[in-house]
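As given, the protein sequences belong to chains A and B, one line each in that order. For the first sequence, our numbering assigns the number 1 to the initial residue and increments by one for each residue that follows. For the second sequence, our numbering assigns the number 166 to the initial residue and increments by one for each residue that follows.
Fair warning: there could be bad hints in the mix.
Heads up, simulated DSSO-like pairs for lysine-lysine below, C-alpha to C-alpha not over 27 angstroms straight-line [claimed, not checked]:
{"no.": "1", "chain 1": "B", "residue 1": "K333", "chain 2": "B", "residue 2": "K404"}
{"no.": "2", "chain 1": "B", "residue 1": "K356", "chain 2": "B", "residue 2": "K368"}
{"no.": "3", "chain 1": "B", "residue 1": "K333", "chain 2": "A", "residue 2": "K150"}
{"no.": "4", "chain 1": "B", "residue 1": "K291", "chain 2": "B", "residue 2": "K420"}
{"no.": "5", "chain 1": "A", "residue 1": "K137", "chain 2": "B", "residue 2": "K333"}
{"no.": "6", "chain 1": "B", "residue 1": "K283", "chain 2": "B", "residue 2": "K420"}
{"no.": "7", "chain 1": "A", "residue 1": "K137", "chain 2": "A", "residue 2": "K157"}
{"no.": "8", "chain 1": "B", "residue 1": "K610", "chain 2": "A", "residue 2": "K137"}
{"no.": "9", "chain 1": "A", "residue 1": "K150", "chain 2": "B", "residue 2": "K356"}
{"no.": "10", "chain 1": "B", "residue 1": "K420", "chain 2": "B", "residue 2": "K404"}
{"no.": "11", "chain 1": "A", "residue 1": "K137", "chain 2": "B", "residue 2": "K404"}
{"no.": "12", "chain 1": "B", "residue 1": "K171", "chain 2": "B", "residue 2": "K486"}
{"no.": "13", "chain 1": "B", "residue 1": "K205", "chain 2": "A", "residue 2": "K157"}
{"no.": "14", "chain 1": "B", "residue 1": "K205", "chain 2": "B", "residue 2": "K171"}
{"no.": "15", "chain 1": "A", "residue 1": "K100", "chain 2": "A", "residue 2": "K150"}
{"no.": "16", "chain 1": "B", "residue 1": "K333", "chain 2": "B", "residue 2": "K283"}
{"no.": "17", "chain 1": "B", "residue 1": "K368", "chain 2": "B", "residue 2": "K291"}
{"no.": "18", "chain 1": "A", "residue 1": "K157", "chain 2": "A", "residue 2": "K100"}
Derived list of chain A stretches under chain B, where covered just means 3 residues or more per stretch with a C-beta under 8 angstroms from a C-beta of chain B [to be verified]:
{"no.": "19", "stretch": "20-32"}
{"no.": "20", "stretch": "35-46"}
{"no.": "21", "stretch": "54-60"}
{"no.": "22", "stretch": "65-73"}
{"no.": "23", "stretch": "98-111"}
Which residues of chain A face chain B? A partial, calculated answer using Cβ under 7 angstroms [stated by the list, open to error]:
{"no.": "24", "residue": "T4"}
{"no.": "25", "residue": "V5"}
{"no.": "26", "residue": "V8"}
{"no.": "27", "residue": "D9"}
{"no.": "28", "residue": "V11"}
{"no.": "29", "residue": "I15"}
{"no.": "30", "residue": "L17"}
{"no.": "31", "residue": "R49"}
{"no.": "32", "residue": "V126"}
{"no.": "33", "residue": "N134"}
Quick caveat, the hints were computed from the structure, so don't treat them as lab data. Heads up, the beta-carbon is just placed ideally off N, CA and C, and yes, glycines get one too.
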Amino acid sequence: MSRTVVTVDGVEFEIELTPEGSILVGGSELEGSVTPLDESSFSVMIGSRSSRVTLHHDGASFTVGIGGRTFSGLVESPRVRLLKRYSGTSGASGTRQPVKAPMPALVVRVHVAPGDRIEPGSRLLVLEAMKMENEIKSNQSGVVKSVHVKGGQAVEKGQLLISVE
Amino acid sequence: LRTITKVLVANRGEIALRVMRTCREQGIRTVAVYSDADRKSPHVTRADEAYRIGPPPSSQSYLQMDRIIETAVMAGAEAIHPGYGFLSENAEFSAKVRQAGLIFIGPPAESIRAMGDKTAARALVKSRGVPTVPGSPEALTGPEEAAAFAQEHGFPVLLKAAAGGGGKGMRVVHTMEELAPSLAAARGEAKSAFGDDRVYIEKYLENPRHIEFQIIADDHGHTLHLGERECSIQRRHQKVVEEAPSVIVTPELRKTMGETAVRAAEACGYRNAGTIEFLVDRDRQFYFLEMNTRLQVEHPVTELRTGLDLVALQLNVAMGKPIPFTQEQVQFHGHAVECRICAEDPAESFLPSTGTITRLRPALGPGIREDRGVEEGGEIPVFYDSMISKLVAWGSDRTQALSRMVRALREYEILGVTTNIPVCLFALQHEKFVEGDFDTHFLGKHFDAARLPKPAHEDLLAAALACAAQEGRLRSTRGDGEAPPGGPPSDGAVPTGWTATRMHGMRHR
Chain A
1 MSRTVVTVDG VEFEIELTPE GSILVGGSEL EGSVTPLDES SFSVMIGSRS
51 SRVTLHHDGA SFTVGIGGRT FSGLVESPRV RLLKRYSGTS GASGTRQPVK
101 APMPALVVRV HVAPGDRIEP GSRLLVLEAM KMENEIKSNQ SGVVKSVHVK
151 GGQAVEKGQL LISVE
Chain B
166 LRTITKVLVA NRGEIALRVM RTCREQGIRT VAVYSDADRK SPHVTRADEA
216 YRIGPPPSSQ SYLQMDRIIE TAVMAGAEAI HPGYGFLSEN AEFSAKVRQA
266 GLIFIGPPAE SIRAMGDKTA ARALVKSRGV PTVPGSPEAL TGPEEAAAFA
316 QEHGFPVLLK AAAGGGGKGM RVVHTMEELA PSLAAARGEA KSAFGDDRVY
366 IEKYLENPRH IEFQIIADDH GHTLHLGERE CSIQRRHQKV VEEAPSVIVT
416 PELRKTMGET AVRAAEACGY RNAGTIEFLV DRDRQFYFLE MNTRLQVEHP
466 VTELRTGLDL VALQLNVAMG KPIPFTQEQV QFHGHAVECR ICAEDPAESF
516 LPSTGTITRL RPALGPGIRE DRGVEEGGEI PVFYDSMISK LVAWGSDRTQ
566 ALSRMVRALR EYEILGVTTN IPVCLFALQH EKFVEGDFDT HFLGKHFDAA
616 RLPKPAHEDL LAAALACAAQ EGRLRSTRGD GEAPPGGPPS DGAVPTGWTA
666 TRMHGMRHR
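Between the sequences and the hints, there should be enough to build the whole structure, so can you do that?
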C-alpha cells in the first residue's frame, strides 16, 4: 500500500502498511502490530503497549474509539492532501456552505428570511428531535439566499434547510 | 390480596425490559406493547407476549391510554406497570386502569393529581411541616406582588409556571428592572406551552445540590424511605450522573430528611414507589422541590446500595402485601453511582445523535450493572428520548465505585451513534467532583467539549494505524487501489494484520 496521511483529532501521521507486513510511521519502521479482531475493531501494539481500537466508517472519514473517547480519523493519499492544501486557501473564503439538517427532526421555527445578513453565531432555526429543541446557529457569514423549509415541517438528516450566498 | 400472574408494561426501552426481568424472576408473565419503530426492540423480543399499538410517534402509540388498557384486558393481564415517562404520572391513566378492573402498579390517581400541580403540592406539604423554598403561595396577581416578594426575600428570584416543566415558563431574575418584563415573558411562554398563564415566584437558590429520597408505601399504613440519591450532575435539568450516598448527607441529616420525605409522601396518601426531590443549599438547609410519583430512572443506585429490588417491592405493594421490613431494618452498603449514556454529541452542543448502533460491547467486570434497552444492530429512533443505557457501579466506598465506573466507561465500546461518555468521564475524574465540591451548575460551569484533556500521543497513533489498516481493508474489498495491504487479493483471505515484532522475529505471513 502506498503512503497515506492519517489525521486523528487534528494530529497528522504519515503511515505506510506494506504488503510484506511492515509498519512505517514517518518513514521509519515501527515495532508493533496491527491485528484485525473483527470487521470493526483492531488490536494495536506499539512496542508492547496494547490498545483496542474500534472503527466506524462514516462516509469520507472514520469515527475511531479508544479508551472511552472517540475521534474522527481521515485517511488521505499524499496526492489528495496536496491538492486540498492548494484549493483550501482559495475555497474557504469563496464558497458558502448550505445549511443542512444534522439529524431527522421537526422544524419548530425559522428565524431568518431571504436577504437576511448572517454572522457566525446567528440563530437560523430551531429543530426538535428526541423531545429536545435544538437551536441551529450559523458557522459562517453571508446572506440568506433561500429558506427551503417552514415551521411544522419534518426533515430528514442531510436535507437542505437554508442556502447562503 | 390481589393476584398478579401477568403484567402489561406500558413502556419501551430499558425500563420496560428492567420491569419484565423482575416479573420473570417472580414467575409473572410479561406483555409488551410496541410502536412500529420498536418491532425489533429487546422489550418486545424478550417479552412473553407483544402487541402492536400504533405508529412511531408516542402520541399515537405509547400515550394511547384506551388502546393500552384494552390490550391488557384482551391479553388477560391483571396489572399495568407504567415505567417512567409516557403515562406514568398521568392521573387519568391511573384512574382508567382501575376503572377497567386492573391494578395500576403505582400510586392512586389522587396522589398523582395532588403532586402534579407544583404550587398546590408545595402548599400541601408545607402544611405538614415540610420546608419549602420561600415562595408565593398563590399564583402572582401582578408585578407589584412580585416586587414586594423580591423586596422581602432578596434577589435572585425565580418565576415559574404553575403548570410548568422542562424549563418552559421559567425565568431567573436578578434585578428589580428585569422583574416586570420577565413576568410578562414567563406568562406568555406558560400560556403558549401549557394553556395556563399562572406564574408563581420563589427565592432562587444559587448553588443548590439536588438530593432526592426514595419512598415506598403500602396499603397497611407503612411509608418508608430507602435513603437518598444525589443527582446534582445535570445538563439542562437532565440528570447525567447520580450517586448514593451523597457526600454531604450525614447520618443525622439522612434521618431528618428521610422522615421529612416520608411526611411529604403521606401528605398525598401515597402508595407504591415514589421520590421526594429536595434542593439543598450550602448550609445544608433542605427544601422540598417536588415529588415524582413513579419509579425513577436512577432507581438502580438505591437497589445496589440497599440490596432491594424496587420493582419487586412495587409488585408486592400492588398485590396488597405489606412491605416486608421496617425502617430500622433498611440497610445501606457501600457506594453506588450511575451514568446515563445518551446518544448525543457533546462537541455539537449536545445535538441528539440518531441512527443504527453498529457495534456495542458493554463493560462487565466487578461491581458493574447495566440496564439497557437496545442491542448491537438496533436503532436509536428520533421519536423517543436519547438514553441508550444506564451504567451503574457499586463499590465498598465512593473511591472504589467511581474507579469502577471510570474503568467501565473506558471499556464501553459503542459505534454508530455519538454518546456523552466523554462527559461522564470528565465529571467523574474532575477534581471538584472527586472532592465532593459541586452543585447543579457543575457541568454548565466546568464542561467544555473543546477543552477536554488531550489524548495520549500513543492512543492517537494507535487510532491512526487502525484507520490506515481499515482503509486498506475496505479498498481491497472494493477491488480498487494497487496491492492491498496485509495480504494478496487473489486468495480472498481476510488480512491477518501487520507485525514487526523483533522479539519474535516474525513477519506477517
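Which hint numbers does the structure go against, in order from smallest to largest? 25, 32
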